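*Asks:* Residue numbers 34 to 404, in this note's numbering, belong to the letters of the sequence shown in order.
Worth flagging that the hints you see were computed from the coordinates, not collected in a lab. Remember, predicted model here, so these are calculated numbers, not experimental data. Just so it is clear, CB atoms sit at the ideal spot from N, CA and C, and this is done for glycine as well. Check each hint, because a few of them may be wrong.
What the hints assert, rightly or not - Listed below are the simulated DSBU-like cross-link pairs for lysine-lysine, each with C-alpha atoms no more than 30 Å apart in a straight line: (1) Lys123 to Lys106; (2) Lys85 to Lys111; (3) Lys106 to Lys234; (4) Lys389 to Lys234; (5) Lys301 to Lys389; (6) Lys387 to Lys119; (7) Lys70 to Lys48; (8) Lys85 to Lys70; (9) Lys48 to Lys65; (10) Lys301 to Lys273; (11) Lys118 to Lys237; (12) Lys387 to Lys118; (13) Lys111 to Lys321; (14) Lys106 to Lys70; (15) Lys123 to Lys85; (16) Lys65 to Lys85; (17) Lys123 to Lys321; (18) Lys273 to Lys321; (19) Lys237 to Lys216; (20) Lys387 to Lys273; (21) Lys216 to Lys273; (22) Lys48 to Lys73; (23) Lys273 to Lys158; (24) Lys324 to Lys273; (25) Lys85 to Lys73; (26) Lys334 to Lys321; (27) Lys48 to Lys158; (28) Lys301 to Lys158; (29) Lys301 to Lys203; (30) Lys85 to Lys216; (31) Lys216 to Lys321.
Claimed, not checked - Label-pair distances were calculated between CB atoms; the ranges are: (32) Gly51 to Asn168: 50 to 56 Å; (33) Gln38 to Gly212: 46 to 52 Å; (34) Ile217 to Lys387: 29 to 35 Å; (35) Leu333 to Leu199: 44 to 50 Å; (36) Ser266 to Ser336: 36 to 42 Å; (37) Thr265 to Gln163: 26 to 32 Å; (38) Ser283 to Glu375: 39 to 45 Å; (39) Gln309 to Asp339: 46 to 52 Å; (40) Ser374 to Gln163: 19 to 25 Å.
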Amino acid sequence: MHHLQFSMNFALRRKEMGVTQEQVAQYIGVSKAAVSKWEKGLSYPDITLLPKLATYFNLSIDALLGYEPQMTKEHIQKTYAELAKKFSEKSFSEVQTEIEALLAEYYACFPFVLTIAQLYLNYVKQSEHQQEVLNRVLELCERVIVQSNDYRLMHEAELLKAYVMLLQGKPEEVLNILGEEIKIQYGAEQLIATALSMLGKIDKSKETLQVGMYQHMLGTISNATETLQFETSNSEYFDKTVHRIEAMLSLFNISQLNINASLVFYLKAAAGYMMQQREDDALNMLEKYCKVCDSLNFPLKLSGDDYFYLLDEWIARDINLGAQAPRDDVSIKREILSSISEQPIFASLQQNSKFKALLNNLAHRLQLKEE
């Protein structure tokens, strides 16, 4: 590919500069026939001549060869989507071979390296060598942390690294990376929004506050959901938490805004009720889980709504994967079903007629969405 790219770039630049093959040949110190072959893509110049050629054409060597060490954000998102789809069509090792070939070419493109680390994490369960894949994710994160000068990328890489450490059962390592104390939230977005408004950038100011609200709101729902597993012995507090999260889900229309937050909550609430031997309450949560699935539209996309109406631009601009889901549709559908049907905590419900009906309806619905 680069061979062809070089010959095209070479010919194009020579014509732009209005010089003949003869003039290039004289400057470089080769025959006109050699230059002619380069332009036809029949041969390559000797590697030692590339700096001289690049200087003559006033191009970098990369530009002359048609080599792009950096991918655009759109290219990264498109590549991620294509690879994610392949995980539902091919074996893990086949897709891994493709991924590693791309990494070899774009190893200096840190946003791409980090995105591939996320991709591996999202599909690691399909691999027969999960520990090796997790170690590869750690290598990729480490590369971004050490080599990249982008604070945001380094921070994301540290969080991914900490997540892998949890999967590997190394809690001390997680605390070494992130510390044990939660940082105080100083509300930087309010200062930023005020400064922007003073500069007359009112729309940007509004977007900043909406994005802040959205993230804090999802953070609150997510933290409260995580709390449930530690409060099963305190049923009064557990019920209060469930009640408050449900009110937030309803108030902010979360099933439309970020469906994953709703699904995770209902699943964990159901699991918590099972631990308390409250099967009816657990079934009630599972019913709501299935009801949320009713509003699923594939392909899944992240978007704002009529309240968070300035979110879409931020999603496209600042979220690594943009609006697309982190996994392909087939894998998402399988997990939505298996999260209930194959979860050991719900095993005692297998003979319950209501539970069976829920599972059947859900399987049917997810199947219908594919047609």
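*Asks:* Please go over all the hints and tell whether each is borne out by the structure.
*Replies:* Taking the hints in turn, this is what the structure says about them:
1. Lys123 to Lys106: Measuring from Cα to Cα gives roughly 25 Å; hence the hint holds.
2. Lys85 to Lys111: This hinted pair is violated, its Cα atoms lying about 36 Å apart.
3. Lys106 to Lys234: With Cα atoms ~25 Å apart, Lys106 and Lys234 stay inside 30 Å; holds.
4. Lys389 to Lys234: Cα-Cα ~55 Å, so violated.
5. Lys301 to Lys389: With Cα atoms ~19 Å apart, Lys301 and Lys389 stay inside 30 Å; holds.
6. Lys387 to Lys119: 36 Å, violated
7. Lys70 to Lys48: 16 Å, holds
8. Lys85 to Lys70: 18 Å, holds
9. Lys48 to Lys65: Roughly 15 Å between the alpha carbons, so the hint for Lys48 and Lys65 holds.
10. Lys301 to Lys273: This hinted pair holds, its Cα atoms lying about 15 Å apart.
11. Lys118 to Lys237: 35 Å, violated
12. Lys387 to Lys118: This hinted pair is violated, its Cα atoms lying about 34 Å apart.
13. Lys111 to Lys321: 34 Å, violated
14. Lys106 to Lys70: 36 Å, violated
15. Lys123 to Lys85: Roughly 45 Å between the alpha carbons, so the hint for Lys123 and Lys85 is violated.
16. Lys65 to Lys85: 16 Å, holds
17. Lys123 to Lys321: 34 Å, violated
18. Lys273 to Lys321: Holds: Lys273 and Lys321 sit about 17 Å apart, inside 30 Å.
19. Lys237 to Lys216: 26 Å, holds
20. Lys387 to Lys273: 26 Å, holds
21. Lys216 to Lys273: Status holds; Cα separation ~26 Å.
22. Lys48 to Lys73: 14 Å, holds
23. Lys273 to Lys158: This hinted pair is violated, its Cα atoms lying about 34 Å apart.
24. Lys324 to Lys273: 22 Å, holds
25. Lys85 to Lys73: 20 Å, holds
26. Lys334 to Lys321: 21 Å, holds
27. Lys48 to Lys158: Distance ~53 Å between Lys48 and Lys158 Cα, so the pair is violated.
28. Lys301 to Lys158: 20 Å, holds
29. Lys301 to Lys203: 23 Å, holds
30. Lys85 to Lys216: 53 Å, violated
31. Lys216 to Lys321: Since the Cα atoms of Lys216 and Lys321 sit roughly 34 Å apart, the hinted pair is violated (cutoff 30 Å).
32. Gly51 to Asn168: 50 to 56 Å: Given range 50 to 56 Å: holds, Cβ gap about 55 Å.
33. Gln38 to Gly212: 46 to 52 Å: 47 Å Cβ-Cβ, so the 46 to 52 Å window holds.
34. Ile217 to Lys387: 29 to 35 Å: Cβ of Ile217 to Cβ of Lys387: about 46 Å, so the range 29 to 35 Å is violated.
35. Leu333 to Leu199: 44 to 50 Å: Because 25 Å falls outside the window, the suggested range is violated.
36. Ser266 to Ser336: 36 to 42 Å: For Ser336 against Ser266, whose Cβ atoms are near 39 Å apart, the range 36 to 42 Å holds.
37. Thr265 to Gln163: 26 to 32 Å: Holds, at about 29 Å.
38. Ser283 to Glu375: 39 to 45 Å: 29 Å, violated
39. Gln309 to Asp339: 46 to 52 Å: Violated, at about 38 Å.
40. Ser374 to Gln163: 19 to 25 Å: Since Ser374 and Gln163 have Cβ atoms about 22 Å apart, the given range 19 to 25 Å holds.
Hint compliance for this structure: hints 2, 4, 6, 11, 12, 13, 14, 15, 17, 23, 27, 30, 31, 34, 35, 38 and 39 are broken, all remaining hints hold.
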